[in-house]
Each structure stands twice: as C-alpha cells, then as structure tokens.
Amino acid sequence: MDRVLVEQARGGDRDAFASLVHQVSDSLFAIAYRILRDTGQAEDAVQDALISTWRQLPHLREADRFEAWIRRVLVHACYAESRRGRDAKSNIRLLDLHGSSTSDGSRALADRDEIERAFRHLPIDQRSVFVLHHYLGLPLVEIAETLGIPAGTARSRLHYATRFLRSAMEPGAVMPIEEGRLA
Amino acid sequence: MSDDRIFERNARAWLELGPTDIPDRVVEDVLSAIESTTQERDLRIPWRFPSMTLTARVATAAVIAVLTLGAGFYLLRPQQGIGSPGVSPGTSVDGPGLSASPTAAVGVPATTFTSTVFAVPLSMTLVDGWRLNRGSGYEESSYLLDLQRGTVEIGIMPIAALTVPGATMTDPYVALPTDVAAWVGQRPEFGPATTRAITIGGRTGTLIDADFTWDGSSKYTFLRFYPTAGWLYDRLVAGSRARFIVLPGPGDTGILIHMEAGIGIFNESAASLDRLLATLAFR
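If you read the sequences in order, they're chains A and B.
0 is the number of the first residue of the first sequence in numbering that gives the first Met the number 0; add one for each residue after it.
0 is the number of the first residue of the second sequence in numbering that gives the first Met the number 0; add one for each residue after it.
Since the hints were derived computationally from the structure, they do not count as laboratory data.
Treat the numbers as computed from the prediction; the structure is a model and nothing was measured.
The beta carbon of each residue, even a glycine, is placed where N, CA and C say it ideally should be.
Any given hint could be a false lead.
[Said to hold, decoys possible] Just a few of them, taken from the derived set where beta-carbon distance is under 10 Å, the chain B residues facing chain A:
| id | residue |
| --- | --- |
| 1 | Asp-2 |
| 2 | Asp-3 |
| 3 | Arg-11 |
| 4 | Gly-17 |
| 5 | Thr-19 |
| 6 | Asp-20 |
| 7 | Val-26 |
| 8 | Ala-32 |
| 9 | Thr-36 |
| 10 | Glu-39 |
| 11 | Leu-121 |
| 12 | Ser-122 |
| 13 | Thr-150 |
| 14 | Gly-238 |
Turn these sequences into a full structure, and let the hints guide you.
Written as structure tokens, this is what we have:
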C-alpha cells in the first residue's frame, strides 16, 4: 500500500483516497462476499466500510497499518450487514426431500453445496476468522491484530468453525437448505 | 494426506470460488458519497484543565454531577404504555410476567388474530408488536404459525405433526416425546433445562427453558414436521436460549410453542411472550 497516498488521504485529499479505493475495493469485496455469501450484502458492506474509512482516516496513527485497519473496518461492516440481513430472514427452512445425488462426478458439487450450507450457519465472527485464515492466508496472530481480539479468541473461533464445517460434511449430517429453495 | 489437510484443501478451493471484482457502480457510488462526506477531525480533548482554579474545578464537577444525575433520572423514569388490550377471561400464565399488563408496542395497535389455516383452531390478540412473520413466506400453514417481534420469532406447531432427532446422528427422527423436558435434558444441543407448569388458554402444560450449546456433533435440525418431512424448524443458534411450551390437548390438538432469543434479550422477550399467550384462546 502506498504510504504517501494514505498520508495524503488522511490529510483530506479526496483524489488520494480515490486511488486507495481503486487499489483495495476488489480485495475488500472478495473478502466481504466470502464472509457474507451474498453479493448484495457484500457490496453494501464494502460501501459502508470505505465511507467509514474515509471519515475515520484522520484517527489512523500509523499509515503503514492502513491495510489491516481497513480490513477491521470491513469485518465490522460485515457484522452490521449480517445483523441487518438476519433481521429480515426467517429461521424456518424448507427441507430438500429428494436429497442431492452424490454419485460419480457430482460428489465434489455435493461437497461444495454441503460446505456452503454449513458455512451459512456459522456465527459471523467465526466466518470472518475462517475467511481471513483460509482465503487470505493470514496467521492467527495477524488475524487477532486485525480484528482487535486476543489470539486465543481467534484460535478458538477458527477451531469451532472448522469443527462445525467438518462435522457438517460427514455422512449422515443433516443440513437445512437455503431459504426459498423448494424441495 | 491427512483428513485435516484434505479438509483445508477443500475449504480453500471452495473459498476461491465466487466473485472477486467489485462492480464499477459500487466504487462510483462510494466516490460520489465521499465528495459530500467530511472527515472526522482528530481532536484530542484534554482530560485535565490545569489552568482552572480550585473553585472552577469544583463548580465544573458539580455541574457535571447534576447533569449526569438528571440524565439518569430521565432515562430511568417509569414508562407509560400506549394501549392496553384486554386479556381473554380465563387465561392465565404462571410465573414471571404474570402480573405485567399487556402493552402494545408504540405505534403498533394490537389486533385479534384468528387462524383459519392452522390445524388447531385458536385465536389471540397480537399485543406488544407481535405479528405474523409474513416476510418468511411460511407464516401460516396447517403445521405452523410463525410470529415475529423484532428479531425474535416464535413458532406454534401441532405436536402431532412434529418429529425430533433420535439419539444419534444416524438414527431416524422420532415423534415428539411425551416428556419433552426429559428429551431436552438428554439432547447434547442444550445446557441444563428449567421446567415449570403453565396454564394457557385453559390448558395446563409444561414450560421448558434451556440454553443452546450445540456441541458440534449432534443434529441441530431439531424439529421436523412429520406429514411430509418437507418442513423443518431450524432455529438453534449457539449462545441463545430456547423456550418450549408444551400444551397437550384432546385428539391431535396439542401444540408446541417454541421461542428462541439471544440470552441478552431473552427475559424481555419471554415476558412479552407471556403477554401474548395470555390472550390465546382455543376455539
């Protein structure tokens, strides 16, 4: 990340901030989508995060920490977006009566479907740690710093997320399908 | 390759799927918003005022104390309810919330609701802002009444239509046990349960509260509707508390009422549920 651009944006330079936005927005969107699993929510989370970043940028003490800082702002925007989404959703689901075929080449597809469904049931804070670790490849210590949580908390969130997803993918696990998908 | 490695490899491959490019319009919207958004000023407010005299400091402290106390009294003053819908005669709810008078949410008038679809004929007054959860698309069927208040939902279901997980992951679902409290107590999804008797709509039943502490190895789709097995009730969120109210009735008219709420809002939600159920009448 260009430190000079961060310094300029922190000083109120909108053009410098626009350059930063172009540099980080794809990455932020990819992270947000993987946490929220919804394109519209991810777009809204990135928008909120970037605008919050602009407003709060003067408070950033170390320009070198910009990337980690904006990730934290993004994850909190994802939390907020998730809460808004949850308020609008029901917990009632339709069950897939026919099940999915798991023979031949459809096994991988079925696995993806299983992990997708299971992931949607993870608490948002566990999803965030899982994505930062497995998608961005961040070590737990860096995740903890990014999110402002103790390293032990980051570790336990990753542990529970992994355990949940693994158990959900085992044979015999019962997972609800997405709301609105008819059997 | 170990199972851990295989899982990690599959998880990473799955995470690689999906979009990585943000639509241009989103970036344009952000940049447009930035044009009219001012940055917060990084002001550091000095904690102490060394130039103040002792008298000025005491006076300042007194003013702050008065303002704080005033604000505290204002925020903690007794609230006046708006609207007080009546409670059906003959209905009573034991336990906490019994003495509270029904109170409608501000701006949400209570209405009497009589289901013409649900398998068990009943009616109730939708106090406190409770409403049919029409956004869910599953708000009213013969097997379910889905009501919502804020972020909290309740489901009212005919016991005859319900199945629950068997003892292990691979066991088939079984009919809702007669002793639901014992079943909850045995399930690994729940912490210790508290149970008490309750009377609603002239029927005596059992109320069970239990924290949901899913252990990661059990079935968490814990209520499934029997006739088609095509519905399920998927409400368990770790860190939340569940309330089950079992109200047996003649024939197939017994119902199970279920509410799940975050522990932080559970008591308030439960009190509101009490007020709602105080209006429930079986027809």
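Status of each hint after checking the structure:
no.: 1; hint: Asp-2; in the structure: holds (8 Å)
no.: 2; hint: Asp-3; in the structure: holds (9 Å)
no.: 3; hint: Arg-11; in the structure: holds (5 Å)
no.: 4; hint: Gly-17; in the structure: holds (6 Å)
no.: 5; hint: Thr-19; in the structure: holds (4 Å)
no.: 6; hint: Asp-20; in the structure: holds (5 Å)
no.: 7; hint: Val-26; in the structure: holds (5 Å)
no.: 8; hint: Ala-32; in the structure: holds (5 Å)
no.: 9; hint: Thr-36; in the structure: holds (6 Å)
no.: 10; hint: Glu-39; in the structure: holds (5 Å)
no.: 11; hint: Leu-121; in the structure: violated (19 Å)
no.: 12; hint: Ser-122; in the structure: violated (22 Å)
no.: 13; hint: Thr-150; in the structure: holds (5 Å)
no.: 14; hint: Gly-238; in the structure: holds (8 Å)
When the structure is compared with the earlier hints, violations turn up for hints 11 and 12 and for no others.
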